[in-house]
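Number of protein chains: 2
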Amino acid sequence: MMYELYYWPTIQGRGEFVRLTLEEAAADYVDVARGPGGTRAMMRLMKDAETPPFAPPFLRADGRLIGQTAAILLYLGAQHGLAPKDPAGGLWTHQIQLTIADFVNEAHDTHHPVGSSLYYEDQKEESLRRAEDFRQNRIPKFLGWFEDILDRNPSGSDHLVGADLTYADLSLFQIVEGLAYAFPKTAAAALKKTPLVTALHAAIAERPRIKAYLASDRRIPFNQEGIFRRYPELDD
Amino acid sequence: MMYELYYWPTIQGRGEFVRLTLEEAAADYVDVARGPGGTRAMMRLMKDAETPPFAPPFLRADGRLIGQTAAILLYLGAQHGLAPKDPAGGLWTHQIQLTIADFVNEAHDTHHPVGSSLYYEDQKEESLRRAEDFRQNRIPKFLGWFEDILDRNPSGSDHLVGADLTYADLSLFQIVEGLAYAFPKTAAAALKKTPLVTALHAAIAERPRIKAYLASDRRIPFNQEGIFRRYPELDD
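Taken in sequence, the protein lines are chains Y and P. Last residue of the first sequence: number 236 in UniProt numbering, and the count goes up by one each step with no gaps. Last residue of the second sequence: number 236 in UniProt numbering, and the count goes up by one each step with no gaps.
Don't read these hints as lab results, they were simulated from the structure. Worth double-checking, as some hints may not be accurate.
Which copy? The list can't say, so a pair holds if one copy fits it or any two copies do.
Below, computed lysine-lysine pairings styled on DSS-like, alpha-carbon distance capped at 30 Å [stated by the list, open to error]:
{"no.": "1", "residue 1": "Lys85", "residue 2": "Lys193"}
{"no.": "2", "residue 1": "Lys193", "residue 2": "Lys47"}
{"no.": "3", "residue 1": "Lys141", "residue 2": "Lys124"}
Computed from a predicted model, the values in this text were never measured in an experiment.
Please work from the sequences and hints to get the whole structure.
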């Protein structure tokens, strides 16, 4: 089956969690909005579909549209063996992904604490305060939670769930990538305290399909339009 | 099976979405933290469980812990016939719930745009700006999306998905309740433009089990500690 991924064509953003899973699964997919007319097609689906996605990313699979990053991964994980088959393990993996989604929202709001409709420059004062709370309280809390989960996994600390790779591992890799880009000083200090998270990130980067993807032009570089942005004043 | 719900005992908050579904299902459950020692038990589970929830609410069901509101509802919906049985319908219902979760996060951040670790009074200036964006852009966008979904439902506009009640309908009811409490002026104006959402809210309020629940002392009144808070200056 050929998947159609719909996401903003110039950023990693939330779409990157889906791209990483599609790449690791060696799935056949088109990143539609990166092709001619793709963004217009994406906007049309959001407006007119019978089951309209609220926002990108969304996936066309098997004739239907699936929106919300975590829901897309729930679907893809089951299709491609990137989540446990047993219902309890599957739901626990999804629960971790939903917590990652919360963290992504909070990372976004460090540079948009007032609203997405305004430029960063028009909410910079608020951003400085929000980013301070994010650095001091939220990054340690979330990374510490991932570390605990790895530490307590009865199948070993190489993966968040069970003995095999899941989409949640790939998403945690992306979280570390994003933090290291946007908050290099804070991330370096925080990751020293979470060696299992750090090791998982390094191991994912060495997986052959992920390594090939990261080196390809399908991987959009981080930039100042996405979820993770490098504003040095927010990392101090 | 007896469920154990763990959530903050003095607020509706995110726990209320779970309570409404448990009540409509006539499920056997204990709201643990509302009993003696319950909050301490909740904190202990978050700290020590092999699969620790990141935050309340979480549910103990069938010997395991399920965290994240939307994941709990995904589980309960399947157990109690409050979601379509077919995978596509089930995932669409979940996708709607995840979008409701995003809206709830945004509603919370109108009074906590800088961080949950600070009092409202210490982020009031930021709140005024964020609430303005929420009122002008976000409330109309989200309510308009729900209205579109109801309008396009091929089984009729009484429900978000299919011809029967789902947990997403109950959650949309709660969103309307919360907006009407926290932003009475804005909500009244916005809901005039979304008659199907308004009608769904009214119909849910008349369902016998929901009606009995709302009249009981199990329903905690809205207050200034929860997600939806009434600060008149944020509704102007």
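Okay, the hints, checked on the actual structure:
1. Lys85 / Lys193: For Lys85 and Lys193, neither the intra-copy (32 Å) nor the inter-copy (44 Å) Cα distance is at most 30 Å.
2. Lys193 / Lys47: between (45 Å within a copy, 18 Å between copies)
3. Lys141 / Lys124: Close inside one copy (24 Å) and across copies (25 Å); limit 30 Å.
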